[in-house]
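Protein sequences, first through last, are from chains G and C. The first sequence begins at 1 in the numbering used here and counts up by one. The second sequence begins at 1001 in the numbering used here and counts up by one.
Since the hints were derived computationally from the structure, they do not count as laboratory data. Given the structure is predicted, the values throughout are model-derived calculations rather than measurements. We put the beta carbon where it would ideally sit given N, CA and C, even for glycine. Please note: incorrect hints may appear among the correct ones.
Unchecked claim - With a straight-line Cα cutoff of 35 Å, these simulated DSBU-like cross-link-like pairs (lysine-lysine) come out:
1. LYS175/G x LYS1092/C
2. LYS171/G x LYS1108/C
3. LYS175/G x LYS1108/C
4. LYS1136/C x LYS9/G
5. LYS255/G x LYS392/G
6. LYS67/G x LYS550/G
7. LYS234/G x LYS1047/C
8. LYS1135/C x LYS3/G
9. LYS127/G x LYS1092/C
10. LYS1092/C x LYS114/G
11. LYS426/G x LYS1335/C
12. LYS9/G x LYS1135/C
13. LYS1047/C x LYS182/G
14. LYS45/G x LYS1047/C
15. LYS110/G x LYS1108/C
16. LYS67/G x LYS580/G
17. LYS90/G x LYS1047/C
18. LYS182/G x LYS1092/C
19. LYS1092/C x LYS171/G
20. LYS3/G x LYS1072/C
21. LYS3/G x LYS1108/C
To be verified - Cβ pair distances, simulated, as ranges:
22. LYS392/G x PRO1076/C: 53 to 61 Å
23. THR1200/C x LEU233/G: 33 to 41 Å
24. VAL309/G x LEU1105/C: 54 to 62 Å
25. ASP104/G x ILE1027/C: 40 to 48 Å
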Amino acid sequence: MLKAENVAKIHQYYIALGITSFLIIVLLLRFFQLQILDFDQYSKKANTNRIRKVTTSAPRGLILDRKGKILVDNLPTYILNAIPGEISDKGKTFQLISKIIDIDSLSLVKSYSKYYRGRFIPTRIAKDLTFSQISRLEENRLNLEGVYYQQFPERYFPSLVRASHLLGYVKEVDKEIRENLKNPSDYEFGDIIGWSGLEQSYEQYLKGSHGVQFYQVDAFGREAGYVIDFPPLKPDPGNNIITTIDVNIQYSLEKIMDRKRGVIIVGIPETGEILGAVSKPDFIPDLFTGRILEEEWNDIINNPDKPLVNRFNQGLYPPGSIVKMITEAVLLDHPNFYPDSTELCEGIYQYGDRVFGCWNTKGHGRVNLTSAIMQSCDIYFYKTIAYYDLDKIASYFRSFGFGSETGIDIEREYIGTVPTVEYMNKRYGRFGWSTGSLLNICIGQGEILVTPMQVFNYTNILATKGNTFSPHFVMSNEFFSSKKPLLNDDAWERIIFDMNQVIINPKGTGKNADPLINGADIYGKTGTAENPHGEDHAWFVGWINYENQKYSIVVLLENSGSGGAVAAPIAKTVFKELIKNINLAEK
Amino acid sequence: MKTAFQYKEMPISIITSVAFLSITGLIVLNSISQHQESDFINNPFYKQCLFFLPAIILAFFTLLIPRYNIHKYTYPLYIIGIILVLLPFLGKSHANTYRWLDIGLPFKIQPSEFVKVFIVLALARYLSDHRIKMKKFNSLILPIFLVLIPTLIVMNQPDLGTAIVMFSPVFPMLYWSGARPFFLFLMLAPLFSMLTAFQTISFTVWAVVLGLVIVVSRSRIIISIILFFGNIFLGLLSPYAWNSLTKYQQGRILSFLNPEKDPLGAAYQIIQSKTAIGSGGIFGKGWGQGTQTHLKFLPVQESDFILSVIGEEMGFIAIAIVLLVIGFLITQILKRAYLSKDRFSSLVLIGIGTILLSHVFVNTAMTVGLIPVKGLPFPFISAGGSFLLSSFLMIGLILRLSVNYSD
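Could you put together the complete structure from these sequences and hints?
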């Protein structure tokens, strides 16, 4: 079948034999050299000079507030290691340890089997020991052969604030985590790694790098000094990061939101810096350090309000009327639109075969653009926007940062939904939706969903006429300019004027947000977002201009009523607290 | 005409060598496992025992395939092979590499281990089918590309060790099918010129060798001069080219050649391996008595550094026996290649022989500190499922193709 004949010649065969034999002989000679000529040298090395590689963890960088106050610190705790090969009776030793330091011996066994990697590798049996526990162990040194302690920096939160969602938490690196890392060689089992929040997104800055020590170990596995060939490498501590958070403001926000459900974000619109951000319900930051009771843990895990969810990045809400300024921008961009001409609001509006109502069922009477924003009249916008195309509206929403990431420096940010014609076709079928949906969207209802962080960015855009930076939690100059809607200056001026009217006009829906402080100008907009899962969400967005400095604010209260009645008073408290803090700082 | 496979004609020497090496491997793995407190499936000894069953079945199955069918399906196998080495890139990376394929089994599969065999088959078919004029330089280019494509893919997984093994059969197989050694030398010459140029003595020696070979080849004077000075020039240039790279680029190249990023880590492994081997002496410390092994000073002892365990526990005698047996096995394969009647079988045998030899040489040279650390296992002895299966696939092919008859 196979016709091609073998053409190999005898000399080719000999050359192949020769090369093979040569390579094997080279290897044999090398073994001869190592095992016979240098036997004494290596034998001595193996018996007296075993090298043990021990890594020491680097202290993690601190997380500071904008004025240098410590938000996250390292607490020196102690861990207890056992060298399995040096312990003669494991059961007895563990019993003794558990008696001395008052820890369940079962937990020692559990930890031992979790970390075990070999008979002469230090194996962690207990962690978070205090200095007094270590001293008691030290008194029993003689009965505890093969048990050693080591300092281990643990995360610790010295300030009064929780800031749980933004600071995030760390996790202990185990086998599963290590296998899925991009840089597994940087971590050892038992190290800590940032797992959420700033701890995660700034992991590279915070983590530092291991120290390595090569100990000489005698034939019994006991350490006997460093190896001369390999000088010890000191651990390189992680870098500190300075956040944009003001610890006092953060504290006030957390107080204000106590026992409520929702989000407040306060920041500086010109830079995108966030001074304080709360997502409630939250959790104590110690939750993941293992120092809390199992009961508390279960409470949090089983809480139907999901305290672990970071609402400002991952909560998706209908925005309600707070997006009416986008609709306003769409209208003002049209050359044939006259902001001063009026429309009649009778509380009800028929479009095609559907009836749309205004939130004020009695109607607002004749309204122009400014009074429509001020009183949040829905019907004015239905009537003026009705003949626009959905994709055009969507493009304005996008230019204000909705439907895309804000670039916030905390991972896993949701982007929400800005419905387009394509989206609606996909979701409801080509003829399954009517252009009436457009009317819903222009007042922030229907399919549109946003995150509070996007709303914060949107507020910053309004406050700076589009000249802001993407929101961020850490001081840095690496942030990008935010998206910028292309509006003419008259349009910006009018929007800002109207937002001021919302607050100062007696008919304005946001009048409850005015702290009535001299020298403070407030701009804002309320929103009452209907949602199918219960009562309305209350929104307030806006900013305060105090002593030539602007502070922007977003308030969201889940299922608690109307924006004007619920969110605006909260905003007022926040403004008051802000001014109190500013005045305090000046003194 | 014989119609069925004649088991009597199978070379007993090859079978006994493989059996000897496999049993040695199990004895060593059993020694390593005795102090490991791990569950059944993670115990290297039991795991290896389990893999022997499918490995032997695979070898028998290969024996049943008619020779012309092996010949017929080499090109489709080659294409499948290329796809197989690309597949891991679609999945999740494991320890930042794309070597492994996770198909939901309790263990992962390393496709490159099998693909290296497919490449040998395809190359053997190409070189035996085509009445190509092997004496011409141009005929060497296509076969090299045939092998270079999968090699480059594997290199990017990144897995330099397997890429080296994968590429190693090309030149021996070309030589075997009658290519002029001088041309093969010329293709490798630039590489040597660049590598030797970093040291004066090695570069001088290389220049002399290069000159001699060119003179002996009796090429035309012009061509000889171009070849010689071209290579020397390349060599002189390469240190400058190296220095013009940034520290970062140099680091990238160095860490590619030596995948252990942490220099202390790699040096540490070599020192531990040499200490283990050297302290074994002539007779070793005895089975299960190796201190370096059991105190876990020796890294990856069940696969890459398994020879160090043999060296420590069983001594030079055992190492010598193992190396002589594997050397004997390879020369037996070479002999069968020489005696084979048809060119395809002969070339496959040469290719597989080269693969085994490069595994042996790279692995052993690494454990004794002759070359930088490359993760490659030792045939039949090291633990590793994919590698064991592919080794037995190769043995099946060897046994199948080394029996001369027509079917």
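Now for the hints, and whether the structure bears them out:
1. LYS175/G x LYS1092/C: holds (16 Å)
2. LYS171/G x LYS1108/C: Holds, at about 27 Å.
3. LYS175/G x LYS1108/C: holds (16 Å)
4. LYS1136/C x LYS9/G: Given pair LYS1136/C, LYS9/G holds - Cα atoms ~19 Å apart, limit 35 Å.
5. LYS255/G x LYS392/G: Distance of about 42 Å is beyond 35 Å: violated.
6. LYS67/G x LYS550/G: holds (19 Å)
7. LYS234/G x LYS1047/C: violated (40 Å)
8. LYS1135/C x LYS3/G: holds (21 Å)
9. LYS127/G x LYS1092/C: holds (33 Å)
10. LYS1092/C x LYS114/G: holds (26 Å)
11. LYS426/G x LYS1335/C: violated (68 Å)
12. LYS9/G x LYS1135/C: holds (15 Å)
13. LYS1047/C x LYS182/G: holds (28 Å)
14. LYS45/G x LYS1047/C: Answer holds: LYS45/G to LYS1047/C is near 33 Å, not above 35 Å.
15. LYS110/G x LYS1108/C: holds (29 Å)
16. LYS67/G x LYS580/G: holds (17 Å)
17. LYS90/G x LYS1047/C: holds (29 Å)
18. LYS182/G x LYS1092/C: Distance of about 11 Å is within 35 Å: holds.
19. LYS1092/C x LYS171/G: holds (22 Å)
20. LYS3/G x LYS1072/C: Status holds; Cα separation ~13 Å.
21. LYS3/G x LYS1108/C: violated (40 Å)
22. LYS392/G x PRO1076/C: 53 to 61 Å: holds (55 Å)
23. THR1200/C x LEU233/G: 33 to 41 Å: holds (34 Å)
24. VAL309/G x LEU1105/C: 54 to 62 Å: violated (36 Å)
25. ASP104/G x ILE1027/C: 40 to 48 Å: Check passed, 42 Å falls within 40 to 48 Å.
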